[in-house]
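Trainee: Numbers given in the working numbering equal positions in the sequence shown, counted from 1, plus 7.
A couple of the hints might just be wrong.
Label pairs and their in silico Cβ distance ranges [said to hold, decoys possible]: (1) Pro122 <-> Gln8: 21 to 31 Å; (2) Gln20 <-> Ser69: 26 to 36 Å; (3) Phe36 <-> Gln88: 17 to 27 Å.
Using 27 Å as the maximum straight-line C-alpha spacing, the simulated BS3-like pairs for lysine-lysine come out as follows [as the list claims (entries may be wrong)]: (4) Lys82 <-> Lys71; (5) Lys90 <-> Lys71; (6) Lys50 <-> Lys71; (7) Lys93 <-> Lys71; (8) Lys50 <-> Lys82; (9) Lys114 <-> Lys71; (10) Lys90 <-> Lys114; (11) Lys50 <-> Lys90; (12) Lys93 <-> Lys114; (13) Lys50 <-> Lys114; (14) Lys93 <-> Lys50.
Honestly, the hints are just simulated from the structure, not real lab data.
On a predicted model such as this, the values are computed, not experimentally measured, just so you know.
Each residue gets a CB set at the ideal place from its N, CA and C atoms; glycine is no exception.
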Amino acid sequence: QVQLVDSGGGLVQAGGSLRLSCAASRSIFSINTMGWYRQAPGKQRELVVTITSGGSTNYTDSVKGRFTISRDNAKNTVYLQMKILKPEDTATYYCWGRTYGRDYWGKGTLVTVSP
8 QVQLVDSGGG LVQAGGSLRL SCAASRSIFS INTMGWYRQA PGKQRELVVT ITSGGSTNYT
68 DSVKGRFTIS RDNAKNTVYL QMKILKPEDT ATYYCWGRTY GRDYWGKGTL VTVSP
């Protein structure tokens, strides 16, 4: 079992930055892949970015060059640094992890970007 606690959301103006955090209840070193999904009002949840235990990353096109994912194994935490935020980035962001074929989710943190 893994519990994920995501945080760091808030209200920011377009062009601003936020950093999301995802704290795991156990070592993330053993979690094969972690990442972030987001769900905007009235839309389906979509994948934003993933990072493997080896550090390989995969970003959705709309955030490339603006978002950066990182993982700190010593702190059991994954971060999502978001820059040059746009109103279309407004969504609830969910931390996600997969290990031994099982998915784990955070409860979500709301990011609102005003024009």
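Trainee: Which hints from the list above does the structure break, by number from lowest to highest?
Mentor: 1, 2, 8
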